[in-house]
Amino acid sequence: MANHYYSDEDLARFPEIGKNVPDLAAKFFDWYSAVFADGALSAREKSIIALAVAHAVQCPYCIDAYSRDALEKGADLDQMTEAVHVAAAIRGGASLVHGLQMRGHALKLGM
Amino acid sequence: MTSLLHRRLALASPDVQHEVLGRLPLARDFDEALDRVGQWPLRSEEIKIFQINVGKLCNQTCRHCHVDAGPDRREVMTRETMGWCLEALEKTTIPTVDITGGAPELNPHFRWLVSECRALGRHVIDRCNLTVLELASQRELPAFLADHEVEVVCSLPHYRAPNTDRQRGEGVYEKSIAALRQLNALGYGQGSPSLRLVLVTNPVGAYLPGSQASLEAEWKRELWRIHQIRFDALYCITNMPISRYLEWLIESGNLEGYMERLVTAFNPAAVNGLMCRNTISIGWDGQLYDCDFNQMLDLHVSPGAPAHIRDFQAAALQGRPIIVGRHCFGCTAGAGSSCGGVTSPS
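Top to bottom, those sequences are chains A and B.
As numbered in the working numbering, residues 1 to 111 make up the first sequence, in order.
As numbered in the working numbering, residues 1001 to 1346 make up the second sequence, in order.
Take these hints with a grain of salt, some might be off.
Now the in silico label distances, taken between C-beta atoms and shown as ranges [what the hints assert, rightly or not]:
#1 L77(A) with R1007(B): 24 to 30 Å
#2 E1090(B) with V35(A): 32 to 38 Å
#3 G92(A) with L1009(B): 26 to 32 Å
#4 N1254(B) with A89(A): 42 to 48 Å
#5 W31(A) with N1254(B): 44 to 50 Å
A partial selection of chain A residues facing chain B, derived with a Cβ cut-off under 7 Å [to be verified]:
#6 D8
#7 D10
#8 R44
To be clear, the hints were calculated from the coordinates, so they are not data collected in a lab.
Each residue gets a CB set at the ideal place from its N, CA and C atoms; glycine is no exception.
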């Protein structure tokens, strides 16, 4: 057992999550691979969305996996960095827009 | 950057490259991987592609080059050796002649070779780095290729500049786009089978190429959107752990991880389409090999088969055991890889 919470070897072991409840894992992995196939959005666009979301949810496994995947799908570092800025902008904007709630409370309470 | 040979590096030697690959702790060797899926020994079939490497001279020094080509290399095929190639070709019905290098167009006899192959009625492929078309000395080359209905298979790692220039050198993207415009203006890339324009992308780093069909759709859309450039097909080719790409893998600390990735991604469905099965590869000095990668690793065709183009006999080469090594995992990883792109049915 590792003495830390995250281990990069665990990424390749992700399928082991199906060991105890294989039916649910199979459903998840089938759906997961269908999600990332070319569709109305290209596989590259989906990979870049995944990379941005990985940063928003701050998942190191997803960041590792989708940095590689986005490169393999033909993205370059400019595009990937812009995607991270999109994630950061939404996270930052989400905090900032809540400032209106703060202002509402403060204005109601204040004189 | 100059070639490994010019820098007098030990890695310029194929023996050293074999040694470097051989001491990696991989799960299995390539022959074992084939054996596990009932494909060992791998044997050649009827030759359909006559691939001539006319030399290592190139106007570029790309970081991933498996040939270790560059402006400092002087090995070029002589007209006499080309004559033996043509004699061999004439005795067969091999439909396709695939001319590679280096920058094959810089061989002084390139145009003569192309003309003679076309006169024999063979389809000719020129593996072109694009920037060669922008050299002052090659001003008439695009028209020559079009006049002779030569298929142009050219390298463009990415449809945007940063990755292209990182792999192939500063300013290469801009020149490549200018060359593609020239080819489009001559009618290349508009769907005509006689003026076929194919782009080739190699990953710019230690990872596998993505889905060829998906990337082709993306490349077509983006090259049209950004530059109004058209092309007919995109081939995705995996980088082979040979020569300068091997040097980069070692220097960047990616060698073991990349090789593990190639082994893990071994795809039995990619084996049947391996190019070594229907290709004969001819070196600048006339020596025969199973593929261009084996050529660079100095792995000659199996003993017993004709070793030199002077002694070429198609029947004696058919059914020969293919010489394999750890580098071969590069051709069977993922969707598979060959000079014609992916090798597995999608």
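Here is what the structure says about each hint:
1. L77(A) with R1007(B): 24 to 30 Å: At roughly 28 Å between Cβ atoms, R1007(B) and L77(A) fall inside 24 to 30 Å, so the hint holds.
2. E1090(B) with V35(A): 32 to 38 Å: Given a distance of about 55 Å, which is not inside 32 to 38 Å, the answer is violated.
3. G92(A) with L1009(B): 26 to 32 Å: violated (48 Å)
4. N1254(B) with A89(A): 42 to 48 Å: 32 Å Cβ-Cβ, so the 42 to 48 Å window is violated.
5. W31(A) with N1254(B): 44 to 50 Å: Once the Cβ atoms are compared, 32 Å apart, the range 44 to 50 Å for N1254(B) and W31(A) is violated.
6. D8: Violated, because the Cβ-Cβ distance from D8(A) to chain B comes to roughly 11 Å (cut-off 7 Å).
7. D10: Cβ of D10(A) sits 16 Å from chain B, so the hint is violated.
8. R44: holds (6 Å)
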